[in-house]
Each structure stands twice: as structure tokens, then as C-alpha cells.
Amino acid sequence: AQSVTQPDIHITVSEGASLELRCNYSYGATPYLFWYVQSPGQGLQLLLKYFSGDTLVQGIKGFEAEFKRSQSSFNLRKPSVHWSDAAEYFCAVGANNAGNMLTFGGGTRLMVKP
Amino acid sequence: NAGVTQTPKFQVLKTGQSMTLQCAQDMNHEYMSWYRQDPGMGLRLIHYSVGAGITDQGEVPNGYNVSRSTTEDFPLRLLSAAPSQTSVYFCASRAADLYNEQFFGPGTRLTVL
Numbered sequence: 005a006q007s008v009t010q011p012d013i014h015i016t017v018s019e020g021a022s023l024e025l026r027c028n029y030s031y032g033a034t035p036y037l038f039w040y041v042q043s044p045g046q047g048l049q050l051l052l053k054y055f056s057g058d059t060l061v062q063g064i065k066g067f068e069a070e071f072k073r074s075q076s077s078f079n080l081r082k083p084s085v086h087w088s089d090a091a092e093y094f095c096a097v098g099a100n101n102a103g104n105m106l107t108f109g110g111g112t113r114l115m116v117k118p
Numbered sequence: 003n004a005g006v007t008q009t010p011k012f013q014v015l016k017t018g019q020s021m022t023l024q025c026a027q028d029m030n031h032e033y034m035s036w037y038r039q040d041p042g043m044g045l046r047l048i049h050y051s052v053g054a055g056i057t058d059q060g061e062v063p064n065g066y067n068v069s070r071s072t073t074e075d076f077p078l079r080l081l082s083a084a085p086s087q088t089s090v091y092f093c094a095s096r097a098a099d100l101y102n103e104q105f106f107g108p109g110t111r112l113t114v115l
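Order-wise, the sequence lines are chains P and Y. Just so you know, we're using my numbering here: the first sequence kicks off at 5 and counts up by one. Just so you know, we're using my numbering here: the second sequence kicks off at 3 and counts up by one.
The following block holds chain Y by itself, in its conformation from the complex (with noise of 0.2 Å):
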């Protein structure tokens, strides 16, 4: 199993570029979530699905959009860049069930000029 992987590792935007981070898990889980990590703010969760064609706002949800199509993807996408949303995105699946671990992706480092 690859896990939860994502792409790409890096980018680099200018103010008012559009863009998806994609995230994708082999793992069959229902749940799927981006988090944005900032210093000293931790991870905070921008939205969250509990599976296909089901998706929720989380706590940092402006500016962004999702959708689930199906159970293994879950694109996060930048409508218009701004350098508030410079951060590194996390996405994270589950299965269902609440004591289930989290598993997380390696990260999208995004930096909006």
C-alpha cells in the first residue's frame, strides 16, 4: 500500500493563480481531510469528507474548495491564490470507525507570491 500520497511536494503561485492539490489513498477509508499547518498554529482543518460525494467545512474552509468523486481521491483546490494561503497541506484518511488512526500524506509545502 502506498498509503496517503500527494502532489506535488512543491509549489510556488503568484496572487490570483488557480491550482489543485490532489491527494489519493489506497486504503479504501471513508474519511478524508486537508489541514493546513502554520508555525506555532499547529494543523488546522480546512474540510473534511465522510465519503463520496459527502464533504463538510472545517475550520479554515475560506478560499477553498473540495469535492469527492470517489472513495480514494480528494483534490483541495485554490480558486485564486492569495499569500495568506502560504502554507504547508496536509491531507489525512480514516476508515470510519472513530478509533481508527489517522493516517497523514507527506505534505504540500505551497507558497503564494
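Chain P extracted, bound-state conformation (with noise of 0.2 Å):
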């Protein structure tokens, strides 16, 4: 069975610093990798996702992701936090099984300091 680990419960960071969340997963085989955004109080919002090709993907809100099969990861990055990314961000693995339902990590919440 898959799973995936964020290892970093919580991360404040200053507005306008780097910003990276890591990522770990286990699975069998090649994986298909999310990142999802969730505002306090809202649903969860899809970032950006990896199923092939090109190692590096970007996506909304200035948000990029590197898969490296070799560390079983896949570590969401941005160059410049802005105020408003402050939030909970869940990494996920889908599984090519029937359903193939997602299996989430248990969370990063960022909070950025003006």
C-alpha cells in the first residue's frame, strides 16, 4: 500500500523568502504525485500534479514541484512567499488500482510573517 510523509508540520517563513515543503512517498510503482492548498475553513484546491515526463512541474499561484524517483520525493517549492499562501498544504499519492482513490500526508501549515 502507498503512503506519503510530510515531515514538517508546521514552517513560517518571511513574505517575499523561498519557500520548500517536502514530500516523501512509498509506492510500488511510478506514482502519480499531488499537491493541494487548503485555505482555513475551505476545501482542498489542486496546486499542481506529476504523472510523467518532465521531472520538474509547475503550477498555479507561482508554485513549482521536482520528482526525484531516486528519494522518493516530491518537494513543492516557490521563490517569493507572498502573505496569502498562508495556508495547509497536503501532498498525495494515487494509486493505479481500482478507485484509484489518493492517499494524503498528514499536512504542512504555513504560516508567513509580514
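Be aware that one or more of the hints could be misleading.
[Unchecked claim] Covered stretches of chain P, as calculated for chain Y (at least 3 residues, CB under 8 Å):
#, region
1, 47 to 55
2, 106 to 117
[To be verified] Residues from chain P that keep clear of chain Y, each with C-beta distances beyond 10 Å, as calculated:
#, residue
3, 23
4, 28
5, 62
Think of the hints as simulated: they come from the structure by calculation, not from any bench. Positions of the beta carbon are idealized from the N, C-alpha and C atoms, including for glycine.
Quick one: dock chain against chain with the hints and give me the complex.
Have a look at this one:
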């Protein structure tokens, strides 16, 4: 069975600073990887996804993520954080089986200092 | 399109009570699912459906029932609520193609006393 680990429960960065959120997955085959963002009191919004091809994927709101098979990682990055990026971020892996449902990591809560 | 809608937004139950969380989507998506969100544990899959009349269990199905009589609706039933079921519940849907985005509803915050 697949699993996802997000090692950082909370991260605080200053506005304008760069950001990297870590995600490690465990899955026996080629993974389908996703990053979602959840603003307070809201549902989840897809930031980006990786299925195959170029290992650096671009998403919405200026985010990007890099798939590294050798490290089983799919870290999310943003070069310059805005106060509006404060939210909770979830990494997820989708399995290529019946239902193809997602397995989520525990989430990383991002706080942005002015 | 309204997307994925959930009702109610908030609910308080007493232990042993039953209730149904409603979920509807207007995107004609084949796949629908229910997740619960608990602090530090991310979202965990409760039940899912790949089409009308077809449901299956996810990671944490105990204490919950589902049915899928139409493409649009996927209600989640708690037969006898327990405090351990206090959580935020999200419904999601997507088209059958694996590469399609999964859309989430706004969530239902449930408290069981």
C-alpha cells in the first residue's frame, strides 16, 4: 500500500522568502503525485500534479514541484512567498488500481511573517 | 456549475444518534469519495464509488455506510455516532480518467458529544 510523509508539521517563512515543503512517498510502481492547498475553513484546491515526463512541474499561484525517483520525493517550492500563501498544504499519491483514490500526507501548515 | 456541494456545513450529535451527510456533484463525474480530516493525519479515505450502484471501502470504513443510487449523489451515513467520529468530512468527485483532477466539496464539520 502507498503512503505519504510530510516531515514538517509547521513552517514559518517571511514574506518574500523562498519556500520548500517536503514530501516523501512510498509506492511500488510509478506514482501519480499531487499537491493540494487548503485555506482556513475551505476545501482542497489542486496546485499541481505529476504523472510522467518532465520531473519539474509547474502549478498555479507560482508553485512548482520536482519529482525525484531516487529519493522518493516530490517537494513543493515557491521562490517568493506572499502573505496569501498562508494555508495548509497536502501532498498525495494516487495508486493505479480500482478507484485510483488518493492517499494523503499529514499536511504542513505554512505561516507567513510580514 | 456548483461543483461539489455538501450539507450541512456544521453538525453536533450526541453519542448514539444517526445522521446522513449529503454530497452532490453536477459535473457528471463517475468517481466519488468520502474523506475525513483529523489534525496531523491528513485526509483518510472512508468509502468511494466508481459509478452508480458500485461502492467500496477505503482506509477507515468502520461506523459509516454509503450508497450510490444516482451519478450525482453520494450520501454518507453514520448509524450510531461515536466521539471518535468527530472530524471534518470532505466529499470529492472526479471523472473516470486517472489524469483528471479530483474536486473537493467545502466540508462538513461534525462534533459528536
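Going through the hints against the structure:
1. With a threshold of 8 Å between beta carbons, the proposed coverage of the region 47 to 55 of chain P by chain Y holds, since 6 of its residues qualify and at least three are required.
2. Only residues whose C-beta sits within less than 8 Å of a C-beta in chain Y count toward coverage, and the region 106 to 117 of chain P has 6 of them, enough to reach three; the restraint holds.
3. With a cut of 10 Å on Cβ distances, residue 23 of chain P stays outside the contact zone with chain Y, its closest approach being about 19 Å.
4. Non-interface status of residue 28 of chain P relative to chain Y is upheld: no Cβ of that chain comes within 10 Å, the nearest being about 13 Å off.
5. For residue 62 of chain P, the condition that its CB be more than 10 Å from all CB atoms of chain Y holds, with the nearest at approximately 15 Å.
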